[in-house]
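Undergrad: With the hints as extra help, turn the sequences into a complete structure.
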Amino acid sequence: MIFRAIHQVDEVLRGRGTVPSELIRGELRLTARPLLIASVVLAMSYGVCMSVFALVRGAGSSDAWIQLLASTVKLPVLFLATFVVTLPSLYVFNVLMGAKLSPKALLRLIAAMGAVILAVLASFGPIVAFFSVSTTSYPFMIVLNVTACGIAGVLGLAFLLRTLGWLVSALDEPGMPEAEPDAVAVDRITTDTGSEQAGLEEETTGSAEGQALAPAEDGEPARDAFDADRAVDDAGAERDEIAALREADRRRAKLVFRVWVVIFSLVGAQMSWVLRPFIGHPGMPFTWFRNRESNFFLSVLRALGQLLGG
Amino acid sequence: MTAVIHNLLRDRPQRILLADTSLTRGSELISLVAVIAVFGFTYGIVMGAFGGLGPDRWLQITYSGLKTPLLLLATFALSVPPFFVLYTLIGLRDDFGEAVRALLATQAGLTIVLASLGPMMAVTYLSNRDYDTAVSANFVCFGAASLSAQYLLRRFYRPLIDRDRRHRPMLWAWLAIYGFVGIQMGWSLRPFIGAPGMSTRFLREDDWGNAYQALLNKLTGTLGL
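Taken in sequence, the protein lines are chains F and X.
This note's numbering numbers the first residue of the first sequence as 3 and each following residue consecutively.
This note's numbering numbers the first residue of the second sequence as 7 and each following residue consecutively.
Straight-line alpha carbon distances no greater than 20 Å define the calculated SDA-like cross-link-like pairs of lysine to any residue that follow: (1) F/Lys-106 to F/Ile-39; (2) X/Lys-224 to F/Leu-309; (3) X/Lys-224 to F/Tyr-140; (4) X/Lys-224 to F/Gln-308; (5) X/Lys-224 to F/Ser-139.
So the derived list for chain X, only partly shown, Cβ under 8 Å to chain F, looks like this: (6) Pro-87; (7) Pro-88; (8) Phe-90; (9) Val-91; (10) Thr-94; (11) Gly-97; (12) Val-187; (13) Gln-190; (14) Ser-194; (15) Gly-215; (16) Tyr-218; (17) Gln-219; (18) Thr-226.
It should be emphasised that the hints constitute simulated quantities derived from the structure, not laboratory data.
Backbone N, C-alpha and C fix where the C-beta goes; we use that ideal spot for every residue, glycine too.
TA: Here it is, written out as structure tokens:
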């Protein structure tokens, strides 16, 4: 199961689960469970690396070992809790913007994003562990871990935005009014929810130009041609207007998803503050959670200030 | 060995070590690591010989010989995992092996240049017994070797960049990660030269601190903040 999970993560990182040509058809070739399992394992491995600082500075005391256990457990909880808290809003935004992903498909997408974030984070783990061994500065370790999480978050959210962008570009085309005889192509995009099959349907109607070119019998060929040309022009103008409206819709959808990304980042940062400590201050006794005071951003600014102030 | 040096330092980007294709990719990597170990050790023992060649200095000389290739290879090993993930994310996974060979070959070239500067370092030690001068001279040697390595790196990486321009930002990412880790690694593995008045130790664990913290403290002290 672990190998399958790692293989799934590899597929996601390579982009094979989110191929643009398939996303446009509403297909999302991923399964959530192995990705979630892999995410938990990757988060635990980074949690171990984070707590090496406490282990080394605590000289192997019992508090230090408990801190290691706590960080190993809390880091997957941090990410899962952040996803659970932000998933409903993503679903609502998704429906509002017409991207038409089912809750199941959205869960798969979030699981993929989580796998990307945690794969990047876990790859920084050995570097964090090395600095934990060779550094005595607790503020430096805070800044280092926040930076690593920040880089991983940016890459994971970029992956999500890119995938959502492809899905949004598969928004439904509204049908043309029946009176318009011009040739149109209608694409219907369905999303993959496991049992549904994604498909692409095309319908073409007769060409107005073809009809207009039928020879006139009453000696008024110029007037018939003029009417046909005007019909074609009107149809073309309406198509352009609809295309412009749809492009505006897509831009709005992308903006809304960017706003959601900011919300996700803020929730994740504050969730990490609620669940602290992860690193373990060498001068303080172990505790599973600290008092709820201040906030994540003030804490990071304080750590930066301590670093620069010496 | 001279064939290895020629092929590394001359213009053979496609087949880094030897002109013939008898080496497998795996043995090519092992050969590059061996070059780094041998030439890095060579420069390291010269670096550690500042205090002389007496029996009381053999331990420092040996430590310095071991730590120079350790500095390069350990930094490389720590930097590869995030580099691998970034390469996969950006869609260049299939070129990763070639990129790693190019980077290892650059390190091998750097150690060859360093080793070639060893005799000049020995003359510097013979002509000047000041520890700070020895430290500065070693900085200059490493600086010169690094500049040469940049030239080699561009040459080894050019076929990749010509194939796909996305390799260029990846190269910058590598330099950022490697530089960030390497500075701390160099700080943690000291002493390399060994001040004659101090006892010989492999590491100064009680004085580890943090290279960036030390640099910031020095900067803020200089600026009077």
